[in-house]
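Peer 1: Protein chains in written order, with the working numbering: chain A, 22 to 303; chain B, 1266 to 1536.
Worth flagging that the hints you see were computed from the coordinates, not collected in a lab. Incorrect hints may appear among the rest.
Stated by the list, open to error - Below, in silico cross-link-like pairs of lysine-lysine (DSBU-like), each with a Cα-Cα straight-line distance of 35 Å or less:
no.	chain 1	residue 1	chain 2	residue 2
1	B	Lys1530	A	Lys206
2	B	Lys1284	A	Lys206
3	B	Lys1530	B	Lys1378
4	A	Lys92	B	Lys1428
5	B	Lys1428	A	Lys53
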Amino acid sequence: MTNIPANPPDPGVSGQQTSTFPANWSPPPFIKNPLLRWGLLLGLILYLFLSIGSLDVNWHRIYVGLDRGAKFVYGFMNPNFAGRWTDISEGMIESLVMTVTSTAIGIAISIPIGFGAARNLAPLPVYLFCRGIIALSRSFQEIIVAILFVAIFGFGPLAGVLTLSFATIGFLSKLLAEDIESIDKSQAEAVQATGSAWWQWLNYGIQPQVMPRLIGLSLYRLDINFRESAVVGLVGAGGIGATLNTAFDRYEYDTAAAILILIIGIVMLSEYISGYIRAGVQ
Amino acid sequence: MAETLSSGTKVWQYRSRNKQLLSWFIWLIGTALFMYCWQRVSESTTWFFVWDAPRIAADIGSRMIPPRWSYINELWVPLWDTLNIATIGTMMAIVMAVPVAFLAARNTTPSTKFVRPIALLIIVSSRSINSLIWSLLLVSIIGPGVVAGIVAISLRSIGFVAKLLYEAIEEIDKTQVEAVTASGANSLQILIYGIVPQILPAFAGISVFRWDINIRESTVLGLVGAGGIGLQLNASLNVLAWPQVTLILILILMAVIFSEWISAKVRHAII
Chain A
22 MTNIPANPPD PGVSGQQTST FPANWSPPPF IKNPLLRWGL LLGLILYLFL SIGSLDVNWH
82 RIYVGLDRGA KFVYGFMNPN FAGRWTDISE GMIESLVMTV TSTAIGIAIS IPIGFGAARN
142 LAPLPVYLFC RGIIALSRSF QEIIVAILFV AIFGFGPLAG VLTLSFATIG FLSKLLAEDI
202 ESIDKSQAEA VQATGSAWWQ WLNYGIQPQV MPRLIGLSLY RLDINFRESA VVGLVGAGGI
262 GATLNTAFDR YEYDTAAAIL ILIIGIVMLS EYISGYIRAG VQ
Chain B
1266 MAETLSSGTK VWQYRSRNKQ LLSWFIWLIG TALFMYCWQR VSESTTWFFV WDAPRIAADI
1326 GSRMIPPRWS YINELWVPLW DTLNIATIGT MMAIVMAVPV AFLAARNTTP STKFVRPIAL
1386 LIIVSSRSIN SLIWSLLLVS IIGPGVVAGI VAISLRSIGF VAKLLYEAIE EIDKTQVEAV
1446 TASGANSLQI LIYGIVPQIL PAFAGISVFR WDINIRESTV LGLVGAGGIG LQLNASLNVL
1506 AWPQVTLILI LILMAVIFSE WISAKVRHAI I
């Protein structure tokens, strides 16, 4: 932000104008309206006072827990991969399988919805319908959707796959639609001027423009879906989450640490690979 | 873009032959991978339950309406807890994320060889682990309650805030920093007058954005015992009290819309 005062007499400048050049200067405040500035500060202090006052902290429990915290840190230093390796590897593979399946299904559904939610392509009723689907998918946390899907489709990875696909739709279609809305119109018009059919116009005039971003977003979503697949297992929708939950319930911090390290490792690896692919696409 | 000879005349093709082959090959690998993964999912699915799903969904749907409005009086305190988890958690995260961001940004870090990788490792670890998993860990360490939720939210948010903030720091205008340096400022003054004013709008935007996300996330932390309205959701789900579940979901939806509205307002005011 550059705060250049509009008028030469800067209100932040104080000092004698007569004898010496002003020696004191203070930067202009971030929020210019003083009433708003002090009001926000006062409101913040009041809120903190109220909220911290309503916290019910059991210091004794926390003190006892510090011991376990130390154990977890120790477990992180000495992760135990071998002890429950069959459980960990099965859960990990299930998580990866769910990630791939849900991302593929999610992308396949998101593309038509993304096109429908772009105001420059779709007529108003289609636009509203697609935007409605996006809003629905974005409103609820994955875990809540997973609970409902587990109740409806039964335990197992299918509920997780459906949850993650559903969440992918909201994310990908929204960003894809925004990208389509900001395309270069002249390219699309040029293709139209050659007498192309509607689908040719989509395929040659619009799709090449949004493709790099679509690939980038899909890779990013693959990453997110893997991280989320570790969570939906907590409510029985398959993946590594169930193993992780069991490990915490039994206070087996070394196994839990091993799982967390694997998750972090895979996320880092996938970020590295997707960065490489994105650089290649653009 | 390429042309090929087809029975004597030149035909325009979208891609050259090698690129076309490569694209087919990628599609082939991708399809095979998807089919393999789908097969594994399908093997561990009880398809009888899936075919039965429409009936179950209709059944649950009919139990969910109407919502049990009288239950709302028991939800105000959990809702207040949820707000506190998100807000205090975000504040704690910001306090911890700012130094990490300055250590991670290439132009402000004291050492690119030692300090920067550590800061980046903190960011990645915090970002890779979902707040629910952080809560699971913290509930197991410091016991169930709002405090576990606050700490979980703040640990999850450090990475997010620090990552966006250090990217903002790396993108600052160098000339302003040089101007402050040329006036004879020491490194602390360079930081305060040269860098901070440039990243303040981004910082405010990131904080409010993360607060908005945290409101969403803190609504479900109760599922693993970390306080907030999720506790009531879990309790209602455990006793199959679907009308109460509906009411809680409506309340969560309102909270999400409210926080998104505030966040949009603030970001609009900054930009």
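Peer 1: If a hint holds in the structure, say so; if it doesn't, say that too.
Peer 2: Status of each hint after checking the structure:
The suggested pairing of B:Lys1530 with A:Lys206 holds, with an alpha-carbon distance near 30 Å, which does not exceed 35 Å. As the CA atoms of B:Lys1284 and A:Lys206 are separated by approximately 27 Å, the hinted pair is consistent with the 35 Å bound. The hinted pair formed by B:Lys1530 and B:Lys1378 fails the criterion: a straight-line CA distance of about 40 Å is larger than 35 Å. Taken as a hint, the A:Lys92 and B:Lys1428 pair is honoured in the structure, with Cα atoms around 29 Å apart against an allowance of 35 Å.
At most 35 Å may separate the alpha-carbon atoms for a hinted pair to count; B:Lys1428 and A:Lys53 meet this at roughly 28 Å.
When the structure is compared with the earlier hints, a violation turns up for hint 3 alone.
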